[in-house]
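Residue numbers (my numbering), protein chains in the order written: chain A, 537 to 1059; chain B, 750 to 926.
Note that these hints are calculated values from the structure, not bench results.
There's no promise every hint is true.
[Claimed, not checked] Below, a sample of chain B positions facing chain A; criterion: calculated Cβ distance under 8 Å:
(1) 810
(2) 870
(3) 871
(4) 872
(5) 876
(6) 881
(7) 886
(8) 908
(9) 910
(10) 915
(11) 919
(12) 921
(13) 925
[As the list claims (entries may be wrong)] Here are the simulated DSSO-like pairs of lysine-lysine, each with C-alpha atoms no more than 27 Å apart in a straight line:
(14) 542(A) - 792(A)
(15) 1003(A) - 789(A)
(16) 838(B) - 701(A)
(17) 853(B) - 851(A)
(18) 797(A) - 778(A)
(19) 1017(A) - 1003(A)
(20) 917(B) - 897(B)
(21) 797(A) - 1056(A)
(22) 755(A) - 823(A)
(23) 613(A) - 838(B)
(24) 542(A) - 797(A)
(25) 942(A) - 830(B)
(26) 823(A) - 778(A)
(27) 613(A) - 830(B)
(28) 874(A) - 706(A)
(29) 542(A) - 851(A)
(30) 917(B) - 851(A)
(31) 701(A) - 792(A)
Note that beta-carbon positions come from the ideal geometry of N, C-alpha and C, so glycine has one too.
So you can see what is in the structure, the chains are spelled out below.
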Amino acid sequence: MPAPYKTDDDSVVVVIGSGAGGGTVGSELALNGVDTVILEAGKRYSIEDFVNDEWESFGQLAWLDERSTSGNWRVHKDFAGLPAWIVKSVGGSTIHWAGASLRFQDHEWKAKTTYGDVAGANLLDWPIDGKEMEPWYTKAEDRMGTTRTHGIEGLPGNNNFKVMKAGADKLGYKECSTGRMSINSAPRDGRGSCQQIGFCFQGCKSGAKWSTLYAEIPKGEKTGKLEVRPECHVTRIEHDDKGKVTGVVYFDKDGKEQRQKARAVCVAGNSIESPRLLLNSASGMFKDGLANSSGQVGRNYMRHTTGSVYGIFEKPVHMFRGTTMAGIIQDEAHNNPKRGFVGGYEFETLSIGLPFMAAFLDPGGWGRDFSAAMDGYSNMAGMWIVGEDMPQANNRITLNADKKDKYGMPTPNVHFDDHPNDNAMRNHAYRQGAALYEAVGATRTFPTPPYPSTHNLGTNRMSADAKDGVVNQHGQTHDIKNLFVSDGSQFTTGAAENPTLTIVALALRQAAYIRDQMAKGEI
Amino acid sequence: MRLIDRTPKVDRRSFLASTGAAALVVTSTSVLCPTESWGVEAQNLKPETVRTLIRMSRDIYPHDRLADRFYAVAVKGMDGKATEGAPLKATLEDGVAKLDEAAKAAHGVPYADVGWEHQRVALLRAIEGDPFFQTVRGDLVVSLYNQKELWPIFGYQGESASQGGYIKRGFNDIDWL
Ligand SMILES: Cc1cc2nc3c(=O)[nH]c(=O)nc-3n(C[C@H](O)[C@H](O)[C@H](O)COP(=O)(O)OP(=O)(O)OC[C@H]3O[C@@H](n4cnc5c(N)ncnc54)[C@H](O)[C@@H]3O)c2cc1C
Ligand code: SF4
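Same shape as in the complex, but just chain A:
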């Protein structure tokens, strides 16, 4: 049957969310010949709609439904109602994302075995490893056009990168480059090359940066086997008395309740909404929420150990010119417990414009101490810290029973406490980052606290054993055969690398598995 599909068509696979995970799995299913419907809460924009303006773009794209926070993380103090900075629109956070595309290091698939018992951490090994993922990474990099893979040249370094590189050289770091970026350094796959516009976070106006919005979904749609329904907010997944899922309830753009039947359902709403949806789908049969026999749904929320270091120099840098994140140092990414923490972290160039700098440099800061820093904006260089954080059972998404959204669904609370390992890593990175900039003559440096989470992971984690996690090695829930998790919430541990390449590789692998299981009549 070609798209569009009827709501009572129970032969379709329904995918919830159209970001890195959902957009990829949905498009790949269609390319594999599977009838697929993607339900996406946000609107569908095109490249022309993107705006080179930080706050205006934020208003256009960000997920702003009510959320609350708790815990000792700085985000709770600084941005209590905005735990995460993610997108609500077709394409999901691949509209915002900066393009950094790194494979996990081999040991990171086996965090528990490698790091041993870390007090307070709920570590677990992934049921898969680097060898298993190798072909899927290769396929994902090809799809995304990742630089420095498949013979694709690296991006040229901008001003911000040049400062980073000069500092890296002075400190003796050896692994510094413009990185592996899913941004075209030359035209490829029908998309042009990077024009160094500098608003990568606001949606790439040249289409050089990979996004499911224009790089995957149209390919799926072209097969006639994919229907994307924007402005459709899923509130519940339904099941029959055998415990198999049968479809989903959603509210369409007119606020009308609809019910889409399904042969299988893939949940990919990002790591806050995905567990929220499973918890909200509790029923007489599944009292603690769908796929939650382990009690792990919503737990082990990870956000990477992050922070930024900015430096002000005597002379201009103009860091905002050009690709936001095409610069990386990987020397600290390895596991070297001698530093006082397990796991590692990356330094990646980061630039934000003047309006966001005011909000994020030192949240709550004011007076001359603050404004003098802003006066130095054009002479500023910046980089972001992204490192492996420890999964903790009580860092979790829960439902606020007393607060409902406009569909009558309890809103989510995001609880996060920093683990001592996270703090030790962040402080190490602050020191190294400051030393790096001082080595090239910075007159002032800033240890900027974490922004609302852009990497949200782990809340439906993958495990070999059904009692330790929510999904198996294919992202299939342990409890319900035809229910899958296809986004970053399946991460068992976070690794030091930005997550999207791994999310995409897992989604491609999952699509092949679903196709095979359907062919075998298993689902």
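Since chain A is already given, all that's left is putting chain B with the ligands on it; use the hints.
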């Protein structure tokens, strides 16, 4: 911002606030800046309150290269939102009244007339945890720095796609490393 009169006439009830970067004049309806030829008409707040908020805004984010009008634009936005009955109106009016009281107790004059920035900043430090201060600062961090007109003063170039990005406009022009 609305320029209400290019050569403002000052009525008898007006007074000259003497400590601004540019001297501001408060009339029964407006705050005027004769030297910069602009004025803000107070829509919801008392003109004196608007004037004090402009002073306070500069003290929160002091940029000596920014003229008062940038702070006035930000405060005008707050005034516009402080409509009758809105909690914001009471927060701002009461907050300014208390700030003036504290200023008078410490220095014998209302906040806007306290001579030294460090003296005014001390008054603000004392209330920085209060909803009044946090409301003003939280609004200002966007309403000040998000004014496109002031970006060039900070060397921020803003929108770039329509100009072809920076690929031919200096993305890698750093020359001092
Ligand atoms: C500013 C920024 C920069 C980033 N840079 C990088 C980077 O350089 N490298 C990298 O690897 N990662 C980066 N990331 C992270 C990356 O974007 C995310 O990890 C990735 O997109 C997550 O994929 P996902 O499928 O889990 O969720 P998303 O891509 O967020 O997609 C989830 C989608 O589901 C929809 N949805 C949610 N709930 C529902 C519902 N109930 N019904 C219907 N639809 C729903 C949402 O609207 C959204 O479109 C960045 C993120 C941000 C915000
Ligand atoms: S810098 Fe390159 S990737 Fe980023 S928005 Fe511009 S063209 Fe797109």
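Check your understanding: Of the hints given before, which are not true for this structure?
Key -> 3, 4, 5, 6, 15, 16, 17, 22, 29 and 31
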